[in-house]
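Undergrad: Place chain B on chain A using the hints.
From first to last, the protein sequence lines stand for chains A and B. Take 890 as the starting number for the first sequence in my numbering and just add one per residue. Take 8 as the starting number for the second sequence in my numbering and just add one per residue.
These aren't lab readings, by the way, just hints derived from the structure by calculation. Certain hints may be false.
As the list claims (entries may be wrong) - Derived lysine-lysine pairs resembling DSS-like cross-links, with alpha carbons at most 27 Å apart:
no., chain 1, residue 1, chain 2, residue 2
1, A, K992, B, K104
2, B, K194, A, K1033
3, B, K202, A, K1026
4, A, K1009, B, K194
5, A, K1054, A, K1111
6, B, K104, A, K1009
7, A, K991, B, K202
8, B, K194, A, K1026
9, B, K194, A, K992
Unchecked claim - Rough simulated footprint, nothing fancy, chain B against chain A, three-plus residues with beta-carbon under 8 Å:
no., stretch
10, 959–971
11, 986–999
12, 1008–1022
None of these values were measured; they are calculated from a predicted model. Built from N, CA and C at the ideal position, the CB exists for glycine as well.
Now for the letters of each chain:
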Amino acid sequence: MSTEALSPSNVMEAETKQKDVMRVENLTYTYPGAPKPSLHGINLPIRRNKITALIGPSGCGKSTLLRAMNRIHDLYPGNRYEGRILLSNPEETAMEDILELKKENDLIRLRQRVGMIFQKPTPFPMTIFENVAYGLKLSGMKNKSDIEERVVAALQGSAIWNETKDRLNDSAMGLSGGQQQRLCIARAVALKPEVLLFDEPTSALDPISTGAIEELISELKKEVSIAIVTHNMQQASRLSDYTAFMYIGDLIEYNKTSKIFLNPDQKLTEDYITGRFG
Amino acid sequence: MGGKLFRNVSFLSATLSFFILLGIFVILFHYAQDAMHTFGWDFLRIDQWEPGEDDEGGVFGGLIPIAGTLLTTLIAMVIAVPLSMGIAIFLTEIAHKNLVKPVGVAIELLAAIPSIIYGMWGLFYFAPIIQHTFGGNGVGLLTAGIVLAIMIIPFMAAITRDAMNTTPPVLKESAYAMGATTFEVVKDIVMPYAKGGIIGSIILALGRALGETMAVAFLIGSVFKFPSKITDPTTSIPVLLANNFSEAQDLELSSMYLLALLLFVVSFIIISLAKFYFLGRGVK
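Chain A on its own, in the form it takes in the complex (with noise of 0.2 Å):
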C-alpha cells in the first residue's frame, strides 16, 4: 500500500476525496421486475461538509437515486445496479464502492455511516430516550454512561433537548410531527455518520416546523455532508450549496445552486425552475 500511495493516481485519488466524501458514477439502477431502469447513467458527487439537493418533478428518479446511496433498495430483491457509488473511508486513501457490498453485516455497516430520514417521521414505538439509544446499542455501545452521553448530544445537536429533557421516558409517539421528525434526525446524529440523505424531510410538515427542519439541517452540515430531496423549489435554494436537477430518470444538470437558480445551461432545468412544468 505506500509504495501505491505514492503514484499520481492515488494522488489525484486523494485530492478529490477531501472535496467529494461520495460520488455516484454512471449509475443504472433496475426496480424488481421492471422492464427498464429507472436511473439512467446517473453521475453526481456529493461535496464533503455540504448541503446538495436534487430537485425534480415526481418520478424523475430521485428518491430512487437517495435510497441506492444507502442500498436501502436492497431490502427488496431483484433490483439491479450498474456503475458505481463510491463512498470516502476515513481509513483509507482510496473511495470504496459500496455497491460491490454483498455481507449483511457491511451493509450495516453502511447504513450507520450513510444516515437516512424520510419523508414521514417514523419515530420507534419505544420512548424518546431509547428511540436515540437504539441505533448506538445496534452499533455495539454497551457503556450505559456513554450511550447516555452520545443520546443527549445528540437531542441538543438536533435542537429537540429543550423539549424533551424533562420526558425522555415518555413515549416517541407523544411528540407532534416536527419534533418526531427532529427526534429522527437525532436518532441519526447520534451514529455520527458521515452523510445523511434527506428524502423530502418536511413535506408532512407545518411551516413553523419545516422552518427548524431547515435551521438544523443547516447546522449539521459543520458535522455531516449532506444529500436532499425535495419538491420545495425554495427550500433547495434557500438550504443548499449545490443543485441537481433530474428528469425522468436522468440528471440533467447539476451545478452550484446558485447557478441552477439564477442562470442554469439547460432549457429543461429552466422551465422547471420558473415552474412551466413539474
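TA: Okay, now just chain B, sitting in the frame of chain A:
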C-alpha cells in the same frame, strides 16, 4: 325516518349480543343452583363423577375436567404461540414474495378445516406416533394438546401475519437505515407495533382451545382420572359435557351446568384479563 329506523336496528343488533351473553350466563347460573348448593366450593376439589343408585344424588366434582381443559390448552399454547409467531414473521419479513401467497392461502385453508377432521386424523395417524415416541396409550393429554396446537396455529398465524403486515414499511426501513438486522427489526419494531393484533390472535386462539370439543373428544381418552403423566388419558369440560349430556339427570345435569358455567367464566376472565391488561398499557 330511514335514519331513525337504521339507528334503531343497529342499536338493537349491538345490544343483542350483550343480552345473549347475559342470557346464557343467567340460564347456566340458574340450572347450576342445585349443584352449587350441594357441593359449594368443594366442587372444585372433588375428583369423582359418580351418579348415585337409581340416578338419585351422587358425587360430582369438577377438578379433573377443569385440570384437563387447562392442561390441554396450556400444552397447545406452549407449542402454538412460538410456531405461529415464527410462521407470521417468516411470511411478513423473510419469505420471498412468490412463496408468501401460496403459504398464506394454505394457512387460511387449514384454519377452515372442521375440527372433527383434525380429530380423526389425530386419532388414526397421530396418536400411534405419540404412543411410539412417548409411550402411553396414544390418546391422552399430550396428543390432544398437540393436535389442538395444530388446529389453532393457522388461526393465530393468519391474524398475527395480518397484524404484522400493518407495520408501515417506512418504519421498518428507518430501522434498517439505522443498521438493524432483520431479527432486530422484527424484535424492536414489528412486534411492538403489531402487539395489539398479536395478543388478539393469542386470545382468540386461547378461546378456541378452551372450548374445543370434537377433536379433543377423539384424542383425550375421556377417562375420568387425574393424569399423573403427560401421556395419560383424562377428560376436559367440553368433552365430559358432550359425552354425558344425553343421559344425565337431576344433580348430574346440574353439575354439568356448573361445569359449563365455570368454563364460561374462566374463558370470560382469561379473555378480559388479556384484553384489558395487555392492550390497556404500554406504547401504542
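Undergrad: If a hint holds in the structure, say so; if it does not, say that too.
TA: Hints and how they fare:
1. K992(A) <-> K104(B): holds, 21 Å
2. K194(B) <-> K1033(A): Answer holds: K194(B) to K1033(A) is near 21 Å, not above 27 Å.
3. K202(B) <-> K1026(A): holds, 22 Å
4. K1009(A) <-> K194(B): holds, 22 Å
5. K1054(A) <-> K1111(A): holds, 24 Å
6. K104(B) <-> K1009(A): Since the Cα atoms of K104(B) and K1009(A) sit roughly 26 Å apart, the hinted pair holds (cutoff 27 Å).
7. K991(A) <-> K202(B): Not satisfied, since the Cα-Cα distance of roughly 33 Å exceeds 27 Å.
8. K194(B) <-> K1026(A): OK: K194(B) and K1026(A) at ~14 Å, within 27 Å.
9. K194(B) <-> K992(A): holds, 21 Å
10. 959–971: Result for this restraint: holds, n = 4.
11. 986–999: With 3 residues in contact (Cβ-Cβ under 8 Å with chain B), the coverage given for the stretch 986–999 of chain A holds.
12. 1008–1022: holds (count 7)
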